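A.B. asks: Build the full structure now, drawing on both the sequences and the hints.
Residues in the sequence shown are numbered consecutively from 1, following UniProt numbering.
Don't read these hints as lab results, they were simulated from the structure. Please note that a few of the clues may not be correct.
What the hints assert, rightly or not - Simulated pairs of lysine to any residue, SDA-like, Cα-Cα distance not exceeding 25 Å:
no.	residue 1	residue 2
1	Lys114	Val50
2	Lys114	Ile131
3	Lys114	Ile129
4	Lys114	Ala82
What the hints assert, rightly or not - Label-pair ranges, simulated between beta-carbon atoms:
no.	residue 1	residue 2	range
5	Met99	Val26	15 to 21 Å
6	Thr96	Asn60	44 to 50 Å
7	Lys29	Leu116	28 to 34 Å
8	Asp30	Phe132	32 to 38 Å
9	Leu115	Leu57	24 to 30 Å
Computed from a prediction, not measured in an experiment: that's the story for all the values here. Glycine residues also receive a C-beta, built at the ideal position from the N, C-alpha and C atoms.
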Amino acid sequence: MSLGAGAELVGLLTVFMVIPELFFMVKSKDLVEKYGMVKMIGFASCALLVRWTVYALTSNPWLFMIATSMHGIAISIMIICAFDFIGKVVDKKLYTTSMTVYTFTIGVSYSLMKLLYGTMIDLFGINSIFIFSIGVSLFSFIVLKWISNLDIVKSKMSEVA
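C.D. replies: This is the structure in structure tokens:
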């Protein structure tokens, strides 16, 4: 897959990713309080689904850059939701430990994901990671919807809110 993008567009790609992330990092807490964690994580999951779908289907570098903004939106919302959730459910004495475990888990996951994606690119081409990510995003969204409808989760989430 080649988008024919030069160094300028690669630099702009970073801007399109970071600016929405900064904005949503600031606004996510208010949005979580207004709409709730489950809806915001669902929104973030949909943003990632849109991102991966556009990546898989486009050869237009400008459309690719616009879709990249979905990354910043999703990541910032998910990070704020995770921090907020940990802050609400974990005893204050264990907060730092919990954040360390969360950060460690994210770091290990990213490392494993990069190994998997690198192998997939070598074997099947770069589009394979986009298609795989669409499947992961869809699966995650379905699991989120299913879990959020369980009575035990509804009661626990109302306690946290």
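A.B. asks: In ascending order, which of the hints set out earlier in this document are inconsistent with the structure?
C.D. replies: none
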